[in-house]
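Listed in order, the protein sequences are those of chains X and S. Take the first sequence: its position 43, counting from 1, is numbered 42 in numbering that gives the first Met the number 0, and each next residue is one higher. Take the second sequence: its position 203, counting from 1, is numbered 202 in numbering that gives the first Met the number 0, and each next residue is one higher.
FYI, nobody ran anything at the bench for these hints, they're computed from the structure. You may find that some hints are simply not true.
[Stated by the list, open to error] Part of the chain X face toward chain S, derived, beta carbon under 7 angstroms:
hint	residue
1	D42
2	G45
3	L171
4	R183
5	E276
6	W279
[What the hints assert, rightly or not] Sample of chain X residues lacking proximity to chain S, with all beta carbon distances greater than 10 angstroms (derived):
hint	residue
7	V80
8	L200
9	N230
Small disclaimer: the values here were computed from a predicted structure and weren't measured. Think of the CB as a built atom: it goes at the ideal place given N, C-alpha and C, for glycine as much as any other residue.
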Amino acid sequence: MEKRTWKTNLFIAAMIAPSLILTMGIIIYPIINTIVTSFRSSDGSGFSLEYYKFIFTDKIAVNNITYTMGIVIVTVMGSIVISYLLALYLRFTDSKISKFIGTMYLLPRFIPQLVAVYAMITVIRDTGLLNRISRLFGKDFRPGLMYNAKGITLMNLWFNIPFATMIIVASLSAIPDSVIESARDVGAKKLNVFFKMILPLSFKDVMIAMTFVFMSNVSAFTTPYVIGGNNPIMLGVYLRKQFSEYANYELAAALSVVMFLFSSVSAVIYIYTNLKEKEWEKV
Amino acid sequence: MGEKIKLEIRNMTKLYKNNDGVRNINLKVKEGELITLLGPSGCGKTTILRTIGGFLKCDSGSILIDRKPIEHLPPEKRPTSIVFQNYNLWPHMTVYENMAFGLKLRKIPKAERHRQIMEMLDLVKMTGMEKKYPNQMSGGQQQRIAIARSLLLKPEVLLLDEPFSALDAKIRSQMREELRKFQIDLNITVVFVTHDQEEAMALSDRIVVMNKGTFEQIGTPADVYNNPVNKYVAGFIGDMNFIELADKTIAVRPENVLIHRGTRGGIKGKIRATMVLGHYSEVTVDTKHGIIKAFVSCENSNIFHPGESVSLSFTKFHEYDKKDLAS
Ligand SMILES: Nc1ncnc2c1ncn2[C@@H]1O[C@H](COP(=O)(O)OP(=O)(O)O)[C@@H](O)[C@H]1O
Ligand SMILES: [Mg+2]
């Protein structure tokens with residue numbers, strides 16, 4: 000190859016420059032700025048860890064972290080288990096109902112989040128649709144799902160089940176029928192087929208679905224903001240409160256770094272599962 | 000091959016929702032026999048094999064192994080084992096784990112399992128491959144392991160659904176020979192499915208020629224080759240010339256066509272071309288019934304030249320009534 004002249008180099012630099020500057024400006028700069036802010040001390044004397052210490056010692060802050068983690072873990076487990084069952088049904092039954100569900104299950108993804116949340120509210124609030132139906136039968140059923148973790152979790156499941164199902168269905172569809180039929184042929188019963196064939200062959204994609212659900216829910220804002228309670232609150236809402244109501248920019252910055260670290264744990268798991276190809280997965 | 004009937008299918012019908020499928024199938028397979036279901040794609044071969052293996056429920060009729068009905072059993076309870084065209088092996092398991100899986104389910108102790116697996120690997124000449132994953136082997140090796148895995152479980156009937164169709168020609172004929180050897184040595188009963196008549200001829204004790212969900216003829220390879228019962232079978236197996244007359248069709252194999260210089264034969268024609276195909280040559284002759292193909296030995300082939308007037312006679316031929324030709 001010919002050696003590049005300084006003119007070509009300049010040209011390449013000029014071509015890259017706009018996107019580089021844009022990236023620096025809107026991604027790198029705020030990140031650095033946030034990290035720097037999070038380490039400022041309250042008396043302005045320089046570097047300190049006091050906001051991090053606060054996040055992990057303050058009663059309310061810790062409470063919010065455990066509250067968030069609780070909701071996220073239940074959301075992850077719930078949506079993965081339900082999605083897996085749904086995906087098994089869609090992959091292994093051949094009926095009109097399963098075909099219908101197969102085409103419909105992604106629809107909730109197309110409804111804007113806020114619209115879906117308000118729609119759900121009209122159903123689940125204590126004077127909502129469920130309550131009115133129960134009153135037709137002379138009862139007064141109050142679901143009690145508003146302003147607490149249950150409502151948020153329910154809403155999260157609504158958003159995440161379609162997504163996780165999509166990934167797991169794709170994974171199960173990639174398992175050839177002959178793999179499953181050969182297993183039955185040599186004497187494996189349904190449970191054996193599941194634990195020895197289907198689960199190991201789809202495990203990686205389940206991990207991927209889990210990490211995505213985890214990440215998107217750690218930093219959830221809309222749902223907990225609209226149907227969450229006042230205390231405890233999820234980290235996304237807590238962050239906004241510190242930022243816009245109390246103008247506590249340092250604490251808000253430290254909170255975003257912490258949320259970022261939580262997300263990166265699952266990002267690391269994701270990258271690890273993706274990079275670590277088992278020998279049988281290599282082409 | 001004994002006289003004992005190993006597998007029997009009685010009046011079995013299996014139709015799909017769209018009415019495709021197989022109807023009124025009757026078949027008896029002797030112990031140690033290799034029987035081949037032969038027919039074009041879509042004629043119902045796989046359907047029959049899957050009903051024997053338990054992957055499809057038959058609509059009516061019964062399937063018996065050693066005179067015991069099995070049609071109500073799920074695949075895992077049937078004494079059969081099936082090998083598909085591909086993706087037989089479990090991709091996340093090594094060769095050894097693939098072979099051990101069925102034995103584990105049968106609660107065979109570890110040491111015994113090991114002994115049996117090694118013995119089987121030796122039989123199929125795959126010793127040393129234990130630790131390989133399916134994706135690290137060629138298609139031929141994978142099929143060999145798939146067959147070995149089935150044999151290890153000592154099935155009463157081994158079912159093979161076009162197991163060699165995805166392999167290239169050379170490996171295919173080699174695998175065919177090996178299969179025939181194990182099958183005779185171990186005296187296993189096999190139902191083999193193929194659309195390749197050459198494969199069926201080379202491998203089978205008997206061939207079932209199928210057409211659109213029914214059996215046309217059952218017989219030894221020589222039987223179906225020499226005495227095809229109808230035009231369909233005649234055309235499906237081996238090379239055949241068809242001469243359409245008003246009320247009947249004459250079928251003649253190229254090796255039964257004699258070419259005469261002069262007019263001694265009954266059908267007149269002109270030599271069209273001569274093609275050397277190894278130890279024999281194919282001579283095509285233009286006649287008023289269309290092109291007729293003849294096989295002549297090589298030393299005779301260069302005595303015929305394109306355009307030369309000749310006449311043909313047949314040493315052997317079959318006649319089929321036009322009335323039957325609807326099929
Ligand atoms: N699951 C199915 N549903 C509907 N029709 C089917 C199904 N499987 C096979 N068929 C039809 O049944 C006929 C026989 O199929 P098959 O047994 O697979 O033929 P072969 O193995 O001889 O190619 C074909 O016409 C095919 O289209
Ligand atoms: Mg088939």
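These are the hints, each one checked on the structure:
| no. | hint | verdict |
| --- | --- | --- |
| 1 | D42 | 59 angstroms, violated |
| 2 | G45 | 55 angstroms, violated |
| 3 | L171 | 14 angstroms, violated |
| 4 | R183 | 4 angstroms, holds |
| 5 | E276 | 11 angstroms, violated |
| 6 | W279 | 4 angstroms, holds |
| 7 | V80 | 22 angstroms, holds |
| 8 | L200 | 6 angstroms, violated |
| 9 | N230 | 48 angstroms, holds |
Hint check: violations occur at hints 1, 2, 3, 5, 8; the rest are consistent with the structure.
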